[in-house]
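Chemist: Using the sequences and the hints, build the whole thing.
Listed below are the residues making up each chain.
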Amino acid sequence: MTAMSAMGDDLAFLSAAGLARLVRLRQFSPVDLVNMYLARIERLDKSLGAFISVCAEEARAAAREAERALTRGGKGGPLHGVPFAVKDQFDAAGMPTTAGSRVLADNVAAADATVVARLKAAGAILVGKLNMSEFALGGTVDFPFGQPRNPWKLDRHPGGSSGGSGVAAAAALSAFALGEDTGGSIRGPAAYCGVVGIRATWGRVSRHGCVPASWSLDVAGPLARTVEDCAMVLGVIAGEDPADPLTSRQPVPDYRAALTGDVRGLRIGVVQELMDGGTTPEVRAAVEAAAGRLRGLGAVVEPVSLPTLPLAGAAFMAVCDPEAAASHQRWLRERPQDYDRATRRRLYTASLLPAVLHHQATRARARIRREVLDALGRHDLLLSPAASIPAPPIAREAEPVTSKEVAAKRFFGHRSHSTPASLAGVPALSVPCGFSSEGLPLGMQLAGRPFDEATVLRAAHAYEQATDWHTRRPPLS
Amino acid sequence: MSTRADLTEAEVRALGATLGLAIAPDDLTEVTHRLNAFVDALAPLADLPAGGPEPVPAPVDPDRAG
Numbered sequence: 001m002t003a004m005s006a007m008g009d010d011l012a013f014l015s016a017a018g019l020a021r022l023v024r025l026r027q028f029s030p031v032d033l034v035n036m037y038l039a040r041i042e043r044l045d046k047s048l049g050a051f052i053s054v055c056a057e058e059a060r061a062a063a064r065e066a067e068r069a070l071t072r073g074g075k076g077g078p079l080h081g082v083p084f085a086v087k088d089q090f091d092a093a094g095m096p097t098t099a100g101s102r103v104l105a106d107n108v109a110a111a112d113a114t115v116v117a118r119l120k121a122a123g124a125i126l127v128g129k130l131n132m133s134e135f136a137l138g139g140t141v142d143f144p145f146g147q148p149r150n151p152w153k154l155d156r157h158p159g160g161s162s163g164g165s166g167v168a169a170a171a172a173l174s175a176f177a178l179g180e181d182t183g184g185s186i187r188g189p190a191a192y193c194g195v196v197g198i199r200a201t202w203g204r205v206s207r208h209g210c211v212p213a214s215w216s217l218d219v220a221g222p223l224a225r226t227v228e229d230c231a232m233v234l235g236v237i238a239g240e241d242p243a244d245p246l247t248s249r250q251p252v253p254d255y256r257a258a259l260t261g262d263v264r265g266l267r268i269g270v271v272q273e274l275m276d277g278g279t280t281p282e283v284r285a286a287v288e289a290a291a292g293r294l295r296g297l298g299a300v301v302e303p304v305s306l307p308t309l310p311l312a313g314a315a316f317m318a319v320c321d322p323e324a325a326a327s328h329q330r331w332l333r334e335r336p337q338d339y340d341r342a343t344r345r346r347l348y349t350a351s352l353l354p355a356v357l358h359h360q361a362t363r364a365r366a367r368i369r370r371e372v373l374d375a376l377g378r379h380d381l382l383l384s385p386a387a388s389i390p391a392p393p394i395a396r397e398a399e400p401v402t403s404k405e406v407a408a409k410r411f412f413g414h415r416s417h418s419t420p421a422s423l424a425g426v427p428a429l430s431v432p433c434g435f436s437s438e439g440l441p442l443g444m445q446l447a448g449r450p451f452d453e454a455t456v457l458r459a460a461h462a463y464e465q466a467t468d469w470h471t472r473r474p475p476l477s
Numbered sequence: 001m002s003t004r005a006d007l008t009e010a011e012v013r014a015l016g017a018t019l020g021l022a023i024a025p026d027d028l029t030e031v032t033h034r035l036n037a038f039v040d041a042l043a044p045l046a047d048l049p050a051g052g053p054e055p056v057p058a059p060v061d062p063d064r065a066g
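First to last, the protein sequences are chains Z and E.
Using my numbering, you'd call the opening residue of the first sequence number 1 and step up by one each time.
Using my numbering, you'd call the opening residue of the second sequence number 1 and step up by one each time.
Where hints are given, some of them may not hold.
Cβ-to-Cβ under 7 Å is the rule here; a few derived chain E residues that face chain Z [claimed, not checked]:
no.: 1; residue: 20
no.: 2; residue: 23
no.: 3; residue: 35
With beta-carbon atoms standing in for the labels, derived distance ranges [as the list claims (entries may be wrong)]:
no.: 4; chain 1: E; residue 1: 47; chain 2: Z; residue 2: 402; range: 26 to 32 Å
no.: 5; chain 1: E; residue 1: 4; chain 2: Z; residue 2: 437; range: 53 to 59 Å
no.: 6; chain 1: Z; residue 1: 335; chain 2: E; residue 2: 25; range: 17 to 23 Å
Just so you know, these hints were derived from the structure itself, not from any lab.
A virtual CB, placed ideally from N, CA and C, is assigned to each residue, including glycine.
Modeler: As structure tokens, this is what we get:
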């Protein structure tokens, strides 16, 4: 029996940091790891629907090259030999970038997105591209490349839009995954699938080679099984990119070095508007317990009120959707039938929204940002549920919209937990904080000051290490 | 209290035509409901106090300001 078969699933569920360590120590070959994840994808993804495309031969070739580099005595980058997968919103040279849409089914990328190139330069090996809500907008009814399913319960949604990324990380179909967060598209899948996901400060990570959802909101980021992995991957992909003029020149710190486990004296505000307003009792109880745990670790935890937050969901949609619709006008005119009907109807609606309302939403956004930043002047972090409910059933989204009232309830009736951080442009992370009575994961959101991802990661890591939620695995067969 | 009348399907179809969007009958009812609900949902934004910070889309990196 090889060491690999003896470890079985344990190896697949090991953290990316742990796998990188084992590769460095020559305990396992990059070829072994790539083959292991490819075998898991082959075995499990028919029911999970996480992948749109798998680049098995290219991954094996890259793994052999990584192995040869080690044999030559090379040290490799921090992710040397570690397999990863990327949301199909990011270009990978020679592979289609579909953005989850039939519209781009034949769109083959000529070059890697900057984030993909940086991960490859750090030694990571791409195994495939991940399913997503169409054009990262959420609400897709008919997924053209198959319905992604939550590995904890296959009839539940994995979250969107980076659903495949959440599934791949949770089901250990890769060591980690890359997603993109516009209004919660990393944090939502992370919460629903029971993994860690971080959206960095807007401008912290390059979007070059990423199909945009909403230019003023999009941020790329990792989804992984541990906070340390998110810290490591973010450290690789963050930083100025001449190809994306909106990236920041702020230096990127060593995020892993920030994971000290010490949160003593850290001031954490619990956002009352997000603890109420539709949050289910068991989600609220889990987040309150998590706040208590952080208090037990020495943080100063106290309530904070952000009164404009109840308007965040509507303001977000009035900012995001017209930005998205503007870039879809030609395809909406020429190829409307190639869109999922929910996406098409959402984009039509956004196309017709009066410009005055869009501008009023940008003013509301500025007010929400001011409130968030003022609160972050008094607190180091803001804590809330990452989502108000556990993963919902998949079928619910397919029901017809028969009246304005139904539309209002469906699309505008829920308080948004993730969009305030998006509108404010601040870093925010979801970390597992419990399970529902049905056995579904729950996520806690921590948001921090602009460019202070290190404190967000430090607190999340300290909490993670004080609990065992992240060690649980979905019931895969 | 808003006195705005809801848009009709014919009006929504006409608005779409101004952008060259041929909204199919199968989509028109839902788009109309969505748009009317969207406008209603945004009504509270008009009541926010005037003034305050300018609506720049994100925190401006200090070394890029100006």
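Chemist: Please verify that hint: residue 35 of chain E, Cβ, nearest Cβ of chain Z, below 7 Å or not.
Modeler: 5 Å, holds
Chemist: State, for the Cβ atoms of residue 47 of chain E and residue 402 of chain Z, whether the hinted interval 26 to 32 Å holds or is violated.
Modeler: 29 Å, holds
Chemist: Assuming the hint says 53 to 59 Å, is it satisfied by the Cβ distance from residue 4 of chain E to residue 437 of chain Z or not?
Modeler: 43 Å, violated
Chemist: Should the hint that residue 20 of chain E touches chain Z count as held when the rule is a Cβ pair under 7 Å?
Modeler: With a minimum Cβ separation of about 5 Å from chain Z (threshold 7 Å), the hint on residue 20 of chain E holds.
Chemist: Kindly confirm whether 17 to 23 Å is satisfied by the beta carbon distance between residue 335 of chain Z and residue 25 of chain E.
Modeler: 18 Å, holds
Chemist: Mind checking the CB of residue 23 of chain E against every CB in chain Z and telling me if the closest is under 7 Å?
Modeler: 6 Å, holds
Consistency with the previously given hints fails for number 5 only.
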